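Participant: Chain residues, written in single-letter form:
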Amino acid sequence: MENLKKTCLYDRHVAAGALMNPFGGFMMPIQYSDIVSEHVAVRESCGMFDVSHMGEILVTGPDAGAFVNSIFTNDVSKLVPGHIQYGMMLYPEGGVVDDLLVYMMPKPDTWLLVVNAANIAKDFGWICQAAGAWNVKISDESDNFGQIALQGPDAGKTVSDVLGLDLSDLVFYTFRMVEWKGTEVLASRSGYTGEDGFEFYASPEVTVKIWDAFMEAGVTPCGLGCRDTLRFEAGLPLYGHELGQDISPLEAGLGMFVKLDKQDFIGKAATVALKEAGLKRKLVGIELADKAIPRSGYPVEADGRQVGEVTTGYHSISTGRNVCLAFVETPCSVPGTEVGIRIRKKVFPGTVCRKCFHDKKYKK
Amino acid sequence: MEGLLYSGSHEWVKTEGDMATIGISDFAQKSMGSIVYADMPDVDDEVTKDEEFGALESVKAASDLYSPVSGTVMEKNDALDDEPGLLNQDPYANWIIRVKMSDPSETGSLMDAAAYAEYLEKQA
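Quick mapping for you: the protein sequence lines, in order, are chains A and B. The opening residue of the first sequence carries number 1 in this note's numbering; numbering runs sequentially from there. The opening residue of the second sequence carries number 365 in this note's numbering; numbering runs sequentially from there.
It is worth saying that the hints were derived from the structure and are not from the lab. Treat the numbers as computed from the prediction; the structure is a model and nothing was measured. C-beta: ideal position from N, C-alpha, C; glycine also. Watch out, some of these pointers could steer you wrong.
Simulated restraints on C-beta separations [what the hints assert, rightly or not]: (1) B:478 to A:17: 37 to 45 Å; (2) A:125 to B:473: 47 to 55 Å; (3) A:361 to B:409: 39 to 47 Å; (4) B:439 to A:347: 24 to 32 Å.
Build the full structure now, drawing on both the sequences and the hints.
Facilitator: Next up, the structure:
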């Protein structure tokens, strides 16, 4: 049995009777009541998630900005303090080490990298190794941060009512340090659900206080089960499914977060070469006509042979459609292409479609 | 439920002569959560004891169904096509398939209600 970690909110989840399961090396709540009602709460009002399992890596020092830009696909030279960028760290061969958020902190030469729980140790090692001669200091601050995501159309009003914070001026992918009950909290307008919302980073003690305040106010606690159904509907990738060591961000349709016109970064040459050679496969959406549900790993077929594989699939809660994300050979990636998905013993007909099943409702 | 026989994979069987009606236990429907699709075999398909004969899909995942007996599918519960959630509402009233058993003695290895209750307790 692997040694599972607990977040600062573990006792709260157990006391509330949440179904707990391992995820990314942590014992995490999968659902409190049921996935459907938690999903609907986020789409229609708001819900909160314990995302304290996410990793926080701090990069500081005179070279910090230039160093981060040398390991990151997006262009942080375009950032100003209080702004966030999404992007990836790549291997020299062009596959993905991890996808992450980069926060340009108000303090000079200070950058916060927020990474996937399962990849914390790998990422930290990767970043330290890449640092080489750069004049930077790198520290894994994951255990010093708790994190709560409040997501949904009512998130702004809830923050103001419950925490007494007016964050209405923050647009999506910006943040600021706020004072709450005498302590500093990083309040970020961001999330992983396709809805408007906030993510609060604070010490473990303060994180528990924020959670309790939201609970007392009746905010719906949500587990990782609906976090996955929500991010899936919004077409947001999950490392290990739509992203991985053998997947280029270009294949995953994330080219807008890979700035091939900026300075050199690890994986740039391989990505440029792949782009010039042409992509052999692409991530697409597929909708099934039937009621069967495509799941991760199921083969996608066309003309009697396998042309791809499902990465994530659900009976979509918000749309009622049976849809999936899948990598398919490029000729099959055109919307409207008829394909089949092998589900157990039968092949079910499907149609290639957009890979965003629910339009994002971010505050621009 | 008295009068039913149970498999270790949480299917129940009710026998009348060489006919077996098969469904899933309350424990099974509770652990799956909201069932959104029932993948059932067709009439005249052969099923084999302890082998997969279909699957139930919840939001989270697919769970295979294992046949507690061998035989030929005589009937499937078409109501589940439109309303798979019936299995959550009452997993005993809402059966999945009816099978004409090729070897009714196979039911000898199944558990009665008391043995199944004990089995569940051991699993907890």
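Participant: Against this structure, judge whether each hint is valid.
Facilitator: Hints and how they fare:
Between residue 478 of chain B and residue 17 of chain A the C-beta distance comes to about 29 Å, which lies outside the given range of 37 to 45 Å. Checked against the hint of 47 to 55 Å, the C-beta distance between residue 125 of chain A and residue 473 of chain B comes to roughly 52 Å, which is consistent with it. Our hint of 39 to 47 Å for residue 361 of chain A and residue 409 of chain B holds, since their Cβ atoms are close to 46 Å apart. Taken as a hint, the range 24 to 32 Å holds for the pair residue 439 of chain B and residue 347 of chain A, whose Cβ atoms sit roughly 25 Å apart.
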